[in-house]
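The residues making up each chain are set out below.
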Amino acid sequence: MHHTSTGERILRGVLISLALIFFLFPIFWILLMSFQTNAQILRIPPSIVFTPTLDNYVSLITGELKTASGVLKLAFMQNLLNSLILSVASVALSLVLAVPAAYAFARYKFRFSEDIAFTLLSFKFAPPLLVLLPLTIYFQQIGLANTYVGLIWVYQLITLPLILWIVRGYFEDISPDIEHAYRIAGHSWLRSFLKISVPLAMPGIAAAALLSFIFAWNNFVFALVLASADKQPVTVGALAFVTASGIQYGQIAAAVVISIAPTLALALFAQRYLVEGLSLGAVKG
Amino acid sequence: MYEKERDLIAALARRQIGRRDFLRRSAKLGLSTALMSGLMGQSLTHALAADSGIDWKKHQGTSLKLLLNKHPYADAMIADLDAFKQLTGMDVTYDVFPEDVYFDKVTAALSSGSSEYDALMTGAYQTWTYGPAGWIVDLKEYINDSSKTAGDWDWDDVLPNLRASTSWSGVPGEALGGDNAKQWCLPWAFELNSISYNKRAFDEMKIDPPTNLDDLMDKAAQITKSDKNMYGIGVRGSRSWATIHPGFLSGYVNFGAQDFTVEDGVLKAAMNSDAAKAFTGQWVKMIQESGPKNWSTYTWYQVGNDLGAGASGMIFDADILGYFQNNGDTKEKGNIGFHAFAANPDAKQPTPNVWIWSLAMSNFSGNKDATWYFLQWATSKQHDLFGAVKMDMVNPVRQSVWDDEDFKKRMEQNTGYLEQFTASAPGSKIYFTPQPLFFDVTTAWAAMLQQMVAKEVPVDEGLDQLVASINDQMQQAGLQ
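Same order as they appear, the protein sequences are chains C and H. Going by full-length UniProt numbering, 271 is the number at position 271 of the first sequence; the sequence numbering is gapless. Going by full-length UniProt numbering, 328 is the number at position 328 of the second sequence; the sequence numbering is gapless.
These are computed hints drawn from the structure, not numbers from a lab. Computed from a predicted structure; not experimentally measured. We put the beta carbon where it would ideally sit given N, CA and C, even for glycine. Check the hints yourself; a few may be wrong.
Pairs of lysine-lysine, DSS-like flavour, derived with a Cα cap of 25 Å [to be verified]: (1) C:K73 / H:K65; (2) H:K182 / C:K66; (3) C:K73 / H:K333; (4) H:K268 / C:K73; (5) H:K182 / H:K85.
Here are some chain H residues the structure puts well away from chain C; computed CB gaps all over 12 Å [what the hints assert, rightly or not]: (6) S115; (7) I143; (8) T433; (9) F439; (10) Q475.
Label pairs and their calculated CB-CB ranges [to be verified]: (11) H:N471 / C:E64: 50 to 56 Å; (12) H:G113 / C:A75: 24 to 30 Å; (13) H:N471 / C:P46: 44 to 50 Å; (14) H:A454 / C:V14: 36 to 42 Å; (15) C:I214 / H:P160: 51 to 57 Å; (16) H:S111 / C:T147: 18 to 24 Å; (17) H:Q86 / C:L93: 32 to 38 Å; (18) C:L133 / H:K285: 41 to 47 Å; (19) C:L11 / H:R239: 40 to 46 Å; (20) H:P160 / C:G143: 42 to 48 Å; (21) C:L133 / H:S469: 27 to 33 Å; (22) C:I21 / H:P160: 49 to 55 Å; (23) C:A75 / H:G89: 22 to 28 Å.
Based on the provided sequences and hints, a complete structural model is requested.
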């Protein structure tokens, strides 16, 4: 049995601490900023000693920012809700479409299967602005401009290829013999897919769903071009605190804290799937 | 509403009482400040309806949609919007987008021919693209049509240089505001460039605001070397058109330098003239000696933040940038002074280049006449006064507002602001030569400034390279 020396343990502890500080300090600093006024944030030199205020969170949640010239309306909570609607619905739709498709690409060889799969992947390579202007015109003509449905459809460009390609790798890793055995017992293809293949690939599906959720959450340009202000996600909404009369650093920090919360919660919940899923899908047997 | 309040509004609308008297009597009636502001807006609108000579209800029931930038000017308009709805019976909705992405949204909306928006906020420079492309409407026909334009709207009350700066024929190199110029937008509020400085630091060091570029360089160096823990002069430096248009261009043209010359109708880049080289050399030296450490990343925000936080002694930038720092939630609140600035000691007056937030009408609007009613109201004396006195709609574009006693009283709380405006206004206009590659040219200009400040290229050589590269671009675009 290998024993680590005290020196090794201390060194490991120091290195882990340094890594944690390096990665977590910006988040910690943003958290501190979210409880400060602009004047406190901008003082020179900066200090971690301050009288905390909840004003930034109150402004965001109530949607009212008190300034020297009056009360200004903020739409941040609406932006947050939009992000949730767009990301959750896009990922859900992609899962419904991409998981069976991934299974088909993994299990069956049919004409043009690789070409189709690659075409779907190529959507990830295309610069969004290349397709957005023509899409704007089409969306206006068919009445999809400025609708959640239209945006969720366009978000498939982000989420669908990602889920399809990640999950396909998982299905390929699962031995078809298990499914065959189940089928021999008299079960249908669909039942075999739902009861055997999907549960076995669940870590991969969870990992793919989480990753695509993060990508969808961070998207900026689709809603900006295709929708009105009332459909904008947090990525656009957070910029509203940067105005000609100054940058509201405290509110930006509070907005960051609030907007990373759903992703963080989801990541923590799916953490075990994520690590297992990412490592399993990476190597083909 | 109660009778007393209604009578009070009517009295103000009939001009039987002044605004100050109105506010005093409102307070006696126990009305809150917010309600008083609203009543004042309504009363001003009543006055507009009474004197206009047009039927403001003509488009009653029409719905308009605006595309706005998140800005104090838009906030002022939104705060007063009920007055317009009451006046016209129209409904107005709006989309507000952050400034960082605003012009991307405008470009996407206009280039796709979207009829979603009827009117939009724009800068004058942007109209050099939008206008010739046919995306926005030439407003001259509306301005000159007495059946659609209120008699008391008084276009001539808008500062003449601003009217000229927002109109252009579309011919590259042709002067703004010429006879064939089209009025692409209406000036809404604007900023000119002058010195905003830290009064406390200047008082403690016993120095006055600088009067010319040499003096500015000396005083900036003095501040940097002092024990004030601040650098001398804040100016913008990012690789963007926005680095060129404020202090830099204002000083540059004060020495007689130009961006382009027009020879036989052909545009030639002129950033390497003797005057341009001499000024640029001094500017670069000033930044190297007394500018911020990360100058090449500096935008509007950093320049303003440093002044507000007491990290810089002064800025040569938009006067309203200093105003916002002096009136916002900043460490140096109330401690910022303002001073007009002519970089050239031999110049007759300051020559600040201006940025004008304006309102334009989308050519794809299905409600153009109704939109014109909105544009008139939003640029009217009444709304301009409301925005300037009650909100942060500074600088107002109308002379009548600058002459208004309430506005003056408000601005007097900003040391030297009115004086710098009075000295700067006559020479304030857009000094760029209008041409469609404006953003490419100014971005290349800023990039070259960065190289010169970083000592990667000597000033004279850098400007020769810049001119060659811009002439090449102009040629490729068929402009030479």
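Original post:
Can you give the numbers of the hints that this structure goes against, from lowest to highest?
Top reply: Hints 2, 4, 5, 6, 17, 22 not satisfied by this model.
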